[in-house]
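Colleague: Here are the chains, one letter per residue:
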Amino acid sequence: MTRSLVSRLWPLLLLPAGWAVWAAPSASTTPPVNHAEAEVPAGAAVVPTPDELRSAAAFRKVAEVLRHPRCLNCHPAGNFPRQGDRRSPHMMGVIRGADDHGVVGMRCSTCHSDQNVDEVPGAPHWALAPLSMAWEGLSDAELADSLKDPARNGQRDLEKLYDHMANDKLVAWAWNPGGSRLPPPISHAEFARLVREWIDTGAVSPRGK
Amino acid sequence: MEIKLQVNDEELRVDVDPATPLLWVLREELGLTGTKYGCGRAQCGACTVHVGGEAVRSCSYPVRKVAGQKITTIEFLDQSVVGRAVEQAWLELDVVQCGWCQPGQCMSAADLLSKVPAPSDGDIDLAMRGNLCRCGTYPRIRAAIHRAAELLRDTAGRS
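Residue numbers (the working numbering), protein chains in the order written: chain A, 1 to 209; chain B, 1 to 159.
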C-alpha cells in the first residue's frame, strides 16, 4: 500500500536540483542511514545526509580519474586494450587473451616491462584488468557499485581498495605515463585523498547527474 | 653499474646504465648483431629475443630487468630442437627477402612453436602480428611455421 502510494506520488517528491547528488549507501559499509534503494525511486523521497552528499561529490571526482584514458584504456569492456589519449584500439591488434595478459607471442610483457622505456610505457604487473573490472560505459553509480563489489573488484574490501588506489605501482603509473601521454586531471595524492573521503563518508554510489 | 647476464648459455658481465635497453647491450657491448634495430619503440618486432623462454622486444626492455635471466638471441636459436626446425623450414621455403626483420620473425615463431607445437593459421596470425615485414613475406612465414611444426612432429615421431 505504502509502496504503491509512493510509486504514484514520487514525481511530486522530486528533490531540488541541489539534491541531485542523492546517493545510495554501500551495502558493504556502515552508512549513517540505511536507505532501501529498491523501494525508493532514485532522486526522490530520501533526504541525503551531509556525509552522503560529501561522499557522492568525492566519488564524482574519483570517477573523472577512472574514466581518464590512463585508467580506462586497460579497463575495457571488450576484448582488446586501447592506447593513447585518443583511446585508439591498441596497435598490432593486441587482444585480451585467456588470462588478460595477451596471447602466445603477443603477451603484454612482450613489449611492456616494469618501467617506461622511451615511448613504450611500462609498470609492474602490466596487464589488462579482468572483464569483471571493465569500466567502459558505466555511470558514476555503476562505477561505484563495481568498485565496492568484492566479486568484481578482486576480492578487496574497502581498505584494500584504498590501498590499491593509493599505493599500487601500476595505478601510480598513470601519473608518470612517459612519452607524450597526459596524466589524469588531478594529482595522485588528491585522488587518494578523495578515495579516502569517499570511503570514510559511506562509499555511496552517486545517483542522477 | 655492473650487471650479470646469461646470454646464449654464457655468463657475462656488462658495465652499463641499468636503464639501457637490452638491444643495445646485445649489439654494442656483446657484439651480437644478429638482433636488429627496427623502430626502437616495440612496434615492429625486429629486435625480438627470448628472455626466460618468452619472446620480448629487446629495444623496450631495460637490461636491469633481465639480469640473471636466460637470454637467447638469434645466434643461439639452432641450439634448440624448435629453433633448428624453424631455421630448416625458413631455408626450405626461402622465406627471407631483404632479411632485416627475419631474426625477429624466427624468434617469435620459435616462441610460438615451443608453446603451441601445431598452430593453426589463427594462432600464427595472433602470435606473429607484432612482427612486421616490409617485404611482405607473411605468406611464406606462415607456411614456414607450418613446415616447422611438421618437422617437429617428425622429430618427435623418431625419438
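Among the hints, erroneous ones may be present.
Some chain A residues close to chain B (C-beta under 10 Å, calculated; not the full set) [to be verified]: (1) 103; (2) 104; (3) 107; (4) 110.
Only pairs whose alpha carbons sit at most 35 Å apart, straight line, appear in this in silico DSBU-like list of lysine-lysine [what the hints assert, rightly or not]: (5) B/4 to B/70; (6) A/61 to B/70; (7) A/61 to B/115; (8) A/61 to A/160; (9) B/4 to B/115; (10) B/65 to B/115; (11) A/169 to B/115; (12) A/169 to B/65; (13) B/65 to B/4; (14) A/61 to A/169; (15) A/169 to B/4; (16) B/115 to B/70.
According to the in silico footprint, chain B covers these stretches of chain A (three or more CB under 8 Å from chain B) [unchecked claim]: (17) 86-93; (18) 156-163.
No lab work stands behind these hints: they were computed from the structure.
Built from N, CA and C at the ideal position, the CB exists for glycine as well.
Colleague: With reference to the structure, classify each hint as holding or not holding.
Modeller: Right, here's what the structure says about each hint:
1. 103: Given a least distance of 5 Å, the restraint on residue 103 of chain A holds.
2. 104: holds (5 Å)
3. 107: Check passed: Cβ of residue 107 of chain A comes within 7 Å of chain B, closer than 10 Å.
4. 110: Given a least distance of 6 Å, the restraint on residue 110 of chain A holds.
5. B/4 to B/70: Within the cut-off at roughly 11 Å; holds.
6. A/61 to B/70: violated (46 Å)
7. A/61 to B/115: violated (45 Å)
8. A/61 to A/160: The given pair, whose Cα atoms are some 20 Å apart, holds under the 35 Å limit.
9. B/4 to B/115: holds (28 Å)
10. B/65 to B/115: Holds, at about 23 Å.
11. A/169 to B/115: holds (30 Å)
12. A/169 to B/65: Holds: residue 169 of chain A and residue 65 of chain B sit about 16 Å apart, inside 35 Å.
13. B/65 to B/4: Given pair residue 65 of chain B, residue 4 of chain B holds - Cα atoms ~11 Å apart, limit 35 Å.
14. A/61 to A/169: Measuring from Cα to Cα gives roughly 21 Å; hence the hint holds.
15. A/169 to B/4: Holds, at about 26 Å.
16. B/115 to B/70: holds (17 Å)
17. 86-93: Holds: 3 residues of the segment 86-93 of chain A have a Cβ under 8 Å from chain B.
18. 156-163: Since three or more residues must qualify, the claim that chain B covers the segment 156-163 of chain A is violated, with 0 doing so at under 8 Å.
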